[in-house]
Amino acid sequence: MKNIGSIILALLLMLSISCDSTKNLAKINQQEVMKNKAAINTFYNKALSVNTETRPTQALTGMFAEGYKSSSSTDSKGAEALMGQLEFFWKVVPDLKWAPQTITNDGDVYTVRSIASGTPNGDFMGVPTDGTKKFSIMTMDMHTMKDGKFMSTHHIEDWSTAMQQLKPKMDMPKKAEAMKIADAYMGAMGKGDMETMSNLMHDDMVWQNAGDSSIPWIRTGRWESKKVILEKFLPEFSKGFQTIKWQPVDAVADDETAGYFGQMIGLLTNSGEKTNEFTYALRVKVKDGKVILWNWFEDSVEVSRAYNAK
Amino acid sequence: MGSKEAVMSFYNKALTVNSETRPTAVLTPILAEGYLSSGSVESKGAEQLMGQLEFFWKIIPDLKWEPQDVYNDGDVYIVRSIASGSPNGDFMGMPTDGTKAFKIMTMDIHTTKDGKILSTHHIEDWVTAMKQLKG
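Here the protein sequences line up with chains A and B, keeping their order. Using the numbering used here, the first residue of the first sequence is number 15, and each one after it goes up by one. Using the numbering used here, the first residue of the second sequence is number 1224, and each one after it goes up by one.
Don't read these hints as lab results, they were simulated from the structure. Misleading hints may appear alongside valid ones.
SDA-like, lysine to any residue: derived pairs with alpha carbons at most 20 Å apart [claimed, not checked]:
1. B/Lys1323 <-> A/Lys111
2. A/Lys205 <-> B/Ser1309
3. A/Lys111 <-> B/Val1264
4. A/Lys259 <-> B/Leu1356
5. A/Lys259 <-> B/Ala1324
6. A/Lys301 <-> A/Met278
7. A/Lys205 <-> B/Leu1259
8. A/Lys51 <-> A/Ser166
9. B/Lys1323 <-> B/Ile1305
10. B/Lys1281 <-> A/Thr283
11. B/Lys1354 <-> A/Thr88
12. A/Lys288 <-> B/Thr1251
13. B/Lys1354 <-> A/Val141
14. A/Lys259 <-> B/Gln1355
15. A/Lys163 <-> A/Gln44
16. B/Lys1267 <-> A/Met203
17. B/Lys1354 <-> B/Asp1285
18. B/Lys1267 <-> A/Lys259
Far from chain A, some chain B residues (derived; all Cβ distances over 12 Å) [as the list claims (entries may be wrong)]:
19. Ser1242
20. Ala1248
21. Lys1287
For glycine and all other residues, C-beta sits at the position ideal for the given N, C-alpha and C.
Next up, chain B with everything else stripped away, as it sits in the complex (with noise of 0.2 Å):
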């Protein structure tokens, strides 16, 4: 697998909802020993992102993450996203029932080698989510 379709494969298998596959599945071939996920204050392996991402399965049944832009410099690819989907359950600590839905821009940046992932910064829009959920 090229690195851009192992990029790609994170977006339409793991971070959306399908009956294919499970995120654990699709990740455990594609992140580099080493993986890292670094938002703003903290950065988390790769076991504890599909751990998370398992979680948003189970929480947000209708889960998209469609990228609208996908870049590359180099090993770098840079994708730029809409995210959405409408969560049942306790949700970032906000509780929901299924009935409201968010729909947000998400970026990405992945640094990749030979088809892996080595590692991604990312920063997803949940300011506006969280109003949505609310309002």
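Next comes chain A alone, as it looks inside the complex (with noise of 0.2 Å):
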């Protein structure tokens, strides 16, 4: 009986510093959090946004460990470099702003998205600025974390959306409304957004393009309503003809009708055979912001050998 109770005894105290133990490494778990949460406010907060307080290097000294690397897609920095490059942004862009939108946490990687916005003044990646564009960008990094110290980055900023935000505005005369529709619709034509097609489009478009009416896309030249070309023409052309080159060297418009001029290659995917280069034409008409008539002027015969080679 009293070995019995012995055992018991030591049961319940082996129970209880493993309790204790485990509430130990929840509570030590729940302070290197703490710390890491800690560090990533103050990389966001007051090294990445310009504040009165401190300064980037200043910050983050101390907050990197030995051999810390942050990565982009092609090259990576250390923690000098990254300062040298963070005190840099706070003084071309001095409203820099780097707002944290969600943080994420997996064992030691922590994922911040963010939003990142500022209005640079002077030679921004290239892009000449002066103070009167702003960009506002998402971000993504991904931390790897160890006491309160940055261990890692891998970091993706949108720069080609800030590029595009910050670029000047061309000193050109105002473009023609038929030339700003028309290139809406390649562009979306371009980027297969189909919705953007199809908003600009009339409900009574016609296609247009002459040529050799064995060819499914062509037949007899016009596809007449946006319905008959969204569920008709569209798949057929898309499953028979690839784009390899589509070069416009010149484009005239006035605010009804606009054209290009260019140069293209295209792949005929039946029979594998790609055109010679040649020469075309477009001709686009518009009516109430939309698009009423899409008439190509190609080289109909060459389209058609590539069409009929084995």
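Take each chain as given, in its own frame, and dock them per the hints.
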């Protein structure tokens, strides 16, 4: 009996030690997470966002583990280079703000999605800026952290969008209305953005393209109505013809008509044959802000030759 | 299908060109109703996303989207990938002829529920891709 009592006592003691260690471990983990989150907070609010209390180098010194690397698609930089870059950003983007939107955590890795915004003044990534245009873009960073220090970071910023937002307006005459609409339609076609394409098409739109009537997307040379173009012409065309080169060289327009002239090469998917390079012209007419005529002039003999090649 | 499997099929079967399936067939069952994919300035729904991927498959016949890290926090999956391919045709306004390849990092944050993807935030390093395709 005495032995059983001792065993039970020993088991209870072990259980209590085990509970204590689990509690301690949880406490240590919680402390670790708090330290890491505090470091992340400093990174975005004190070093990436311009403020009057500190400077990037001052805020970040001591926060990077030895051998820290910040990596993008093609290059990596160490802590010193990163701090140098941020000092430069503060100078050229005096209102720079990097506002975290979500922070997720899995083990040692913290992913931060932010909105970065600012109004650069000076040469910013090769774009001349004068402090009158602002960028606002999404960024994502994956930080591996330990004991409140940054071990490594993978980062992406949507600079492609920032560059578009910052581009100076060209000193060109106002683009004619027809060209604006035709450009938007062509851009949507290039991206495969069917919704935008559909929105820019007049219900009575005609797609006109004379040529070899045995080619499924040419036939009579006329496709009439938005519905027919979307449901019959475009599926045939996109299945059978791949644009290899499409280079507009010249364009003229007024408010109702736009004309484009350029060079192109196509691949006929049924034969696998490419056309030789040929000159094309395109006549676009707009009505009520939508495309009503899309009239291609291409080297139909060359397209027919490639379509019928073995 | 579990949420992680749904997320992985997004990369292996819809974003990476393969001979077994097509983007629309893969994504139709795994994108939840009202799905939104958001970049910096615009969002697209499931239909638009599938249309864009069908277009990518056509113009980048060797498109690969390879997850490097997959992390998870609750219903959220975070995926860092390397996307690569050799476009042939008009790619984001740039004429390409299939002789140059891009290889860039991408990151996506997917919110999931019951094996479906509810929404995605995404960034691709297209600035670097454009430089690689020009150079």
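Taking the hints in turn, this is what the structure says about them:
1. B/Lys1323 <-> A/Lys111: Violated - the C-alpha atoms of A/Lys111 and B/Lys1323 are around 36 Å apart, more than 20 Å.
2. A/Lys205 <-> B/Ser1309: With a Cα-Cα distance of about 16 Å, the restraint between A/Lys205 and B/Ser1309 holds, given a limit of 20 Å.
3. A/Lys111 <-> B/Val1264: holds, 17 Å
4. A/Lys259 <-> B/Leu1356: holds, 14 Å
5. A/Lys259 <-> B/Ala1324: Between A/Lys259 and B/Ala1324 the Cα gap is close to 16 Å, so the pair holds against 20 Å.
6. A/Lys301 <-> A/Met278: At roughly 27 Å apart (the allowed maximum being 20 Å), A/Met278 and A/Lys301 break the hint.
7. A/Lys205 <-> B/Leu1259: holds, 18 Å
8. A/Lys51 <-> A/Ser166: holds, 15 Å
9. B/Lys1323 <-> B/Ile1305: OK: B/Lys1323 and B/Ile1305 at ~16 Å, within 20 Å.
10. B/Lys1281 <-> A/Thr283: Holds, at about 11 Å.
11. B/Lys1354 <-> A/Thr88: holds, 11 Å
12. A/Lys288 <-> B/Thr1251: Not satisfied, since the Cα-Cα distance of roughly 34 Å exceeds 20 Å.
13. B/Lys1354 <-> A/Val141: holds, 15 Å
14. A/Lys259 <-> B/Gln1355: holds, 18 Å
15. A/Lys163 <-> A/Gln44: holds, 15 Å
16. B/Lys1267 <-> A/Met203: holds, 16 Å
17. B/Lys1354 <-> B/Asp1285: holds, 19 Å
18. B/Lys1267 <-> A/Lys259: This hinted pair is violated, its Cα atoms lying about 28 Å apart.
19. Ser1242: Holds, because the least Cβ-Cβ distance between B/Ser1242 and chain A comes to about 16 Å, which exceeds 12 Å.
20. Ala1248: At about 17 Å from chain A, B/Ala1248 clears the 12 Å cut-off, so the statement holds.
21. Lys1287: holds, 15 Å
The earlier numbered hints that this structure contradicts are 1, 6, 12 and 18.
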